[in-house]
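Sequences are here, hints too, so could you generate the full structure?
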Amino acid sequence: MDYSIVLTIFAITVPAALVLLTAYLVFKQQTKKELETKLLDLKLKDSREIKVLRLQAYERLAMFLERISPFSLVSRCIEADMISPELQYAMVKTIKAEFEHNLSQQIYVSDNCWNLIVQSKDETIKTINLIAAQVNADASAQELSRIIFTAVAGANAPLPTQHALDFLKAEVREIF
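Numbers given in my numbering equal positions in the sequence shown, counted from 1, plus 45.
Mixed in with the good hints there might be a few duds.
[What the hints assert, rightly or not] With a Cα cut of at most 16 Å, we get these calculated EDC-like pairs of lysine to aspartate or glutamate: (1) Lys138 <-> Glu124; (2) Lys96 <-> Glu216; (3) Lys96 <-> Glu188; (4) Lys141 <-> Glu124; (5) Lys214 <-> Glu104.
[What the hints assert, rightly or not] Pair ranges (Cβ atoms, derived): (6) Lys214 <-> Leu84: 31 to 39 Å; (7) Arg121 <-> Ala198: 17 to 25 Å; (8) Leu148 <-> Lys214: 56 to 64 Å; (9) Glu216 <-> Arg191: 32 to 40 Å; (10) Arg112 <-> Ile192: 18 to 26 Å; (11) Arg105 <-> Tyr69: 48 to 56 Å; (12) Lys78 <-> Met108: 56 to 64 Å.
If you're looking for bench data, these hints aren't it; they were derived computationally from the structure.
No residue lacks a Cβ here, since even glycine has one placed at the ideal position from N, Cα and C.
The following block contains the structure:
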């Protein structure tokens, strides 16, 4: 057998195989870097979008807390010929509807923040019901609103909605 042919084939195929292997490794490395760059860009874009969504959630929850404060509720729910139980019902119904409308926001805020918002909602409903229980059923809605304003204005502690709003603002300042 002629070894010169084998050596020639070997001399051609080994460098060709090395060139092919080198090209493959360079291509693989380049593809990996491009993929990592695209993933990083995607993560940064997602991070910016998530921050926007989170900030919008905090805004909506702040608006929710403002809307369920007793002062805001009375002015939005009271009508001319209402009696006390009708105003009470309208205010509680409004709080529950506002809360249900904002339920999905809980995924964007901390558990402590969400728990405080739920507690604020519950305490506001409880306060309205306790005050309404002190008023005659045939009393006017204006009488109930006057008693609510007096009770809220005379409270020593901040309203539950104000306490939750302060916590919400502090959390936003920490994050953003």
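CB of Glu216 to CB of Arg191, is that within 32 to 40 Å?
-> holds (35 Å)
State, for the Cβ atoms of Lys78 and Met108, whether the hinted interval 56 to 64 Å holds or is violated.
-> violated (45 Å)
For the pair supplied as a hint, Lys96 and Glu188, is the alpha-carbon distance within the 16 Å limit?
-> violated (45 Å)
Range hint compliance [Cβ, Leu148 to Lys214, 56 to 64 Å] = Violated - the Cβ-Cβ distance for Leu148 and Lys214, about 21 Å, lies outside 56 to 64 Å.
Hint consistency between Lys214 and Glu104 [alpha-carbon to alpha-carbon, up to 16 Å] = holds (9 Å)
Holds or violated: Lys96 to Glu216, with C-alpha atoms at most 16 Å apart = It holds: about 13 Å lies between the C-alpha atoms, which stays within 16 Å.
Taking the CB of Arg105 and the CB of Tyr69, does the distance hold inside 48 to 56 Å?
-> With a Cβ separation near 53 Å, Arg105 and Tyr69 satisfy 48 to 56 Å, so the hint holds.
Given the hinted pair Lys141 and Glu124, is their alpha-carbon gap at most 16 Å?
-> violated (19 Å)
Measuring from beta carbon to beta carbon, are Arg121 and Ala198 in 17 to 25 Å?
-> Taking Cβ atoms as reference, Arg121 and Ala198 lie about 18 Å apart, which means the hint holds.
Given hint Glu124 paired with Lys138 - CA-CA distance at most 16 Å = At roughly 15 Å apart (the allowed maximum being 16 Å), Glu124 and Lys138 satisfy the hint.
Check the following: the C-beta atoms of Arg112 and Ile192 are separated by a distance inside 18 to 26 Å.
-> holds (21 Å)
Range hint 31 to 39 Å: satisfied by the CB atoms of Lys214 and Leu84?
-> For Lys214 and Leu84 the Cβ distance comes to about 35 Å; the hint holds.
Of the numbered hints listed earlier, those contradicted by the structure are 3, 4, 8, 12.
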